[in-house]
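K.L.:
Generate the whole structure from the sequences, applying the supplied hints.
2 protein chains.
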Amino acid sequence: MTEPVAERVLVSFEPDGAPARQVRVPAGVTLFDAASWNGIAVDSTCGGHGTCRKCVVRVVEGDVPVSRLDPRAFGADELRAGWRLACMAPARADVRVAVPPLVTRPKAATVGVGRQVILRPAVQKRCVQLTEATLADQRTDLERLLAVLDDLEVRADLHALRNLPRALRSADHRVTAVLVDDVLVDVEPGDTSDRRFGVAFDLGTTTVVATLLDLGTGTPVAVSSMLNPQQPFGGDVITRISATMMDPDALGRLTALAHSCLDQLVGEVCATGEVRRHEVYEIALAGNATMTHIALGIDPEPLGVAPFVMASRSFDGMRAADLGVAVHPGAAAYAFPALGAYVGGDIVAGALASGMDRDKRVRLFVDVGTNCEIVLSDGDRILATAAPAGPAFEGAQIRCGMRAAPGAIESVKISDDDVALQVIGDVAPVGLCGSGLVDAVAALVQAGLLDASGRLLAADVAATVAPGLAGRLRQVGQERVFVLHGDIYLSQRDVRELQFAKAAIATGWRLLAGELGIEPADIQQVLLAGSFGSYLSPTSAVRIGLVPGVPVTRIVSAGNVAGEGAKMALLSLRERAAAQALLEEVRYVELSDRPDFNDRFIDELSFPT
Amino acid sequence: MTEPVAERVLVSFEPDGAPARQVRVPAGVTLFDAASWNGIAVDSTCGGHGTCRKCVVRVVEGDVPVSRLDPRAFGADELRAGWRLACMAPARADVRVAVPPLVTRPKAATVGVGRQVILRPAVQKRCVQLTEATLADQRTDLERLLAVLDDLEVRADLHALRNLPRALRSADHRVTAVLVDDVLVDVEPGDTSDRRFGVAFDLGTTTVVATLLDLGTGTPVAVSSMLNPQQPFGGDVITRISATMMDPDALGRLTALAHSCLDQLVGEVCATGEVRRHEVYEIALAGNATMTHIALGIDPEPLGVAPFVMASRSFDGMRAADLGVAVHPGAAAYAFPALGAYVGGDIVAGALASGMDRDKRVRLFVDVGTNCEIVLSDGDRILATAAPAGPAFEGAQIRCGMRAAPGAIESVKISDDDVALQVIGDVAPVGLCGSGLVDAVAALVQAGLLDASGRLLAADVAATVAPGLAGRLRQVGQERVFVLHGDIYLSQRDVRELQFAKAAIATGWRLLAGELGIEPADIQQVLLAGSFGSYLSPTSAVRIGLVPGVPVTRIVSAGNVAGEGAKMALLSLRERAAAQALLEEVRYVELSDRPDFNDRFIDELSFPT
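The listed protein sequences correspond, in order, to chains A and B. Numbering follows my numbering, in which position 362 of the first sequence is assigned residue number 431; successive positions increment by one, without gaps. Numbering follows my numbering, in which position 231 of the second sequence is assigned residue number 300; successive positions increment by one, without gaps.
The reader is advised that the hints may include incorrect statements.
[Stated by the list, open to error] Covered by chain A, according to a simulated footprint, are these stretches of chain B (three or more residues, beta-carbon under 8 Å):
| id | stretch |
| --- | --- |
| 1 | 85-98 |
| 2 | 219-228 |
| 3 | 365-375 |
| 4 | 384-396 |
| 5 | 568-580 |
[As the list claims (entries may be wrong)] Chain B is faced by these chain A residues, among others (derived, beta-carbon under 7 Å):
| id | residue |
| --- | --- |
| 6 | T209 |
| 7 | L227 |
| 8 | P371 |
| 9 | V378 |
| 10 | M379 |
| 11 | R382 |
Because the hints were derived from the structure by calculation, they are not lab data. The C-beta atom is built at its ideal place from N, Cα and C for all residues, glycine as well.
P.N.:
Structure follows, in structure tokens:
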């Protein structure tokens with residue numbers, strides 16, 4: 070589906086007593102979001118719903134229409150002078166905005182790739198002292214409570230109503246209201262306002278990571294991870310989707326496994342962090358489309374067959390209980406929305422954590438894996454696609470391949486006459502994992518033992534090119550191999566597998582660059598994301614042509630950006646709005662129906678010379 | 070709490086090709102609601118959310134502001150000519166409105182006290198044919214569905230998303246969307262649009278009634294009732310509240326009993342009506358505040374002790390599952406909001422079904438029971454109060470009292486020398502129920518055997534006043550009694566009990582009349598509501614002074630108006646809006662802290678002479 074990329078406008082913020090800052094945001098974004106996304110603090114207690122009337126700014130230059138809520142906050146003279154509620158003011162054209170001094174100093178936390186996030190979690194606590202009812206003032210318990218939360222528009226859920234009468238009367242009417250966005254989910258006796266937590270999940274096909282966050286301070290309290298227990302149904306998303314197609318019970322079992330996995334991790338982080346489960350009021354989840362569909366119990370079959378259709382991009386109004394997670398009964402669940410069946414919520418979370426939407430540089434984001442997701446931004450426009458790299462990076466289909474586990478060769482360096490290996494866990498090598506595979510191939514290209522077409526040299530030629538290594542070139546069965554250590558070798562067919570994988574990825578970013586009209590050399594930063602991306606040697610990645618041939622200092626290992634994005638979503642409603650805006654901003658490019666794909670792919674099979 | 074009663078405005082509707090009609094509504098009500106509440110049809114498919122843009126009307130006289138959605142529906146010339154979306158147009162002053170001819174003929178049903186309800190249930194079904202996705206059109210299943218529901222603003226719940234992919238692909242993309250208000254709760258393969266049902270509950274302290282409604286036609290399909298199984302915890306709300314105060318487990322058990330009762334009735338009406346449980350997409354419930362709180366699992370204790378405070382007036386966003394009712398998993402539950410701890414949702418439902426808010430006559434609504442609720446309208450203003458009548462009408466505290474069950478004397482007529490009894494079930498009389506008690510006392514007053522102060526005459530005096538009956542005046546223990554049949558009698562103390570009950574009620578309506586500045590003789594209609602009210606003899610009620618001394622033709626037995634109100638809520642979102650508006654319109658008058666209450670009460674103890 071080809072959609073026009075959202076236009077951007079320039080907003081110049083002039084905070085009181087601080088230097089002005091210019092930011093570019095998609096046209097139509099509110100001034101409040103534009104400020105928040107760029108770390109410029111604007112007062113607010115309601116979180117951008119237009120109810121607290123605290124996010125006042127003055128439009129100094131440019132035209133911002135008066136919203137329907139502005140007249141409640143400002144007189145006619147003030148409106149004429151440009152005063153607006155920032156959360157209701159869309160930036161439709163370039164605009165200059167004065168920001169008054171802050172009433173409260175906002176807290177912030179550093180998350181993601183150096184992202185400064187102003188804390189405004191969906192989960193809020195307010196400790197309030199209410200007056201007792203009398204025959205002359207028979208307002209209901211709820212009316213009494215909402216009257217003191219008059220900067221918010223709140224609706225109460227049943228759990229909160231059930232606890233409200235006793236909480237009030239057991240604590241001399243001093244209670245703490247627990248709000249998740251605009252829902253009152255509980256009323257706790259006394260002051261519990263320093264206890265509010267959330268759990269951020271990175272729900273990977275291979276590994277699942279949970280981080281317990283203190284939502285008051287933004288600090289992580291505990292982290293835990295485990296292998297995704299759905300592994301017996303297949304190592305990648307396609308095999309798991311296939312399982313649901315062949316066995317009508319498989320979806321239910323996969324969903325139950327996802328739930329028990331998430332719930333077990335919550336138990337672990339709560340135990341480590343000394344936090345009770347009911348003090349966790351929200352969870353956030355970043356996963357690919359298949360993992361997210363399955364975790365919510367939604368049939369993933371249409372994701373696995375052309376034309377690759379999701380049930381939905383977004384999953385709003387979900388609860389932690391819908392994901393099988395036993396925390397506070399009113400806890401909400403935020404799941405990152407997806408751009409496409411193969412550019413899922415994990416990539417949107419990663420793009421958010423990497424600031425793909427607010428950096429003027431030309432940046433390439435690559436999450437390397439069985440399915441490789443690629444995002445390219447020229448500072449204005451953002452494109453995304455998915456490349457089916459196959460399982461080579463997971464060590465599958467590789468003769469001596471294995472996962473990145475103890476005994477896996479994770480790094481290979483080849484000198485004139487020796488091969489230096491780095492093995493996970495400092496044990497004897499057992500096999501070759503993805504990063505070792507890339508290193509080995511890159512080193513053989515460098516040593517000249519592998520030609521540009523990916524063919525291992527014949528023994529006689531090798532003896533002249535690299536006499537100290539030629540002895541490692543042997544024949545195993547029908548195949549030429551290069552021996553790394555003992556009986557661990559790299560075979561000709563392994564090289565072919567890697568060529569296919571890297572060609573798919575390189576075709577992806579080359580086609581995106583073509584769409585944007587830029588050359589690979591224009592790329593100013595390459596972000597390698599995902600757990601595999603973090604281990605990959607930038608030098609090797611460049612050498613085999615997996616990433617563009619830019620100086621290695623411009624290649625950054627971004628780490629687990631999906632998990633970082635999930636944390637950001639818990640810490641800030643504004644960052645969630647930014648994630649939602651990414652759905653509009655990023656244009657998804659489907660490669661599978663492009664007529665030029667095959668030609669480009671064949672071109673990319675060779676190694677750079 | 071004393072609040073100003075909402076001001077009313079006059080709206081004159083001029084439907085195309087039909088005579089004009091004037092209606093009076095509270096200021097601020099939308100033109101769409103004003104029309105709907107008075108049976109004047111205006112086109113609409115979205116149900117008043119401003120999204121379908123079909124409810125166009127033209128303001129001919131008077132000023133109605135342009136809403137924020139009007140410019141989406143009309144050009145500047147049309148706006149100047151007075152065109153407005155009726156659902157977004159508040160009537161703030163008298164106004165004259167032209168209604169264009171209808172595009173679709175709305176269905177209507179007669180419910181309540183002769184109320185014509187235009188069908189617009191929250192539950193909607195739409196059968197739609199979608200196109201299949203292609204690589205060139207990878208819109209998600211949900212996007213594809215919502216695109217053809219573009220007159221609505223819909224959010225999908227998880228259950229609907231779980232069913233969506235398979236429903237589409239199992240039925241050649243021809244599916245039926247099931248909507249409850251603005252939530253997509255299911256997507257069913259094929260065309261199921263003629264199957265949509267709801268269950269209306271009258272959740273009484275004594276009896277619970279369920280009516281299964283066909284929401285497409287407005288017709289009742291089946292009715293079932295049972296005694297409230299909470300009876301072992303006490304016969305009235307106060308004893309049940311006391312139970313929760315004495316035993317920490319009682320609330321849980323009472324709630325579970327309410328749930329199993331509602332669920333059993335659903336099973337019965339579904340079996341009778343040949344409707345599957347999952348074809349029931351919404352339930353509505355009218356109950357007093359205590360029954361509603363307990364059914365939702367909310368502590369009722371503060372309702373039972375001064376200052377009589379509810380947890381909340383309204384319970385929005387509830388689901389059938391929250392009331393323990395197993396119907397469609399996405400089914401919503403609507404509970405009538407309450408005016409006060411003792412003027413609950415049952416009375417709001419009853420006032421709605423009786424049209425207390427849209428009748429120009431001076432009308433008195435009395436729901437006679439242990440707690441007696443009284444509503445008085447002078448055609449403009451509406452007041453309500455509760456009178457603690459005590460258990461006399463239930464037959465409790467009455468020597469030979471019993472419930473209205475087989476064997477109960479329900480009617481008593483006394484002639485010069487005989488007593489004629491009507492007994493429930495045509496069996497030998499066993500005791501006296503409430504209506505029989507009222508009849509007996511009224512008849513003795515009429516016969517002159519009971520004086521105005523409520524004293525049974527001495528035997529010698531009686532022999533001269535009514536020689537044919539004097540022999541029935543006997544002494545039982547310390548007490549004077551009047552024998553009705555065999556060993557069934559009415560005692561002096563029974564008379565006192567009834568005097569207390571009727572004095573409480575009469576004090577209630579007299580004080581309300583005083584507040585409105587009207588005389589009881591001005592009352593043009595008296596509605597006797599509730600199951601007890603239906604059996605009460607109007608003549609007897611007037612004779613003992615339970616209701617004002619108006620001609621008996623003006624006294625109407627309104628029947629189970631609470632249940633009728635619950636049906637109306639299922640059949641029309643507009644009627645729900647009217648119920649909500651009643652909360653603003655009706656002023657609740659608390660009697661328990663009035664300094665003049667005791668004086669008035671003592672005045673009312675006597676029988677009219």
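K.L.:
Against this structure, judge whether each hint is valid.
P.N.:
Here is what the structure says about each hint:
no., hint, result
1, 85-98, "violated (count 0)"
2, 219-228, "holds (count 4)"
3, 365-375, "holds (count 7)"
4, 384-396, "holds (count 5)"
5, 568-580, "violated (count 0)"
6, T209, "holds (4 Å)"
7, L227, "holds (5 Å)"
8, P371, "holds (5 Å)"
9, V378, "holds (4 Å)"
10, M379, "holds (4 Å)"
11, R382, "holds (6 Å)"
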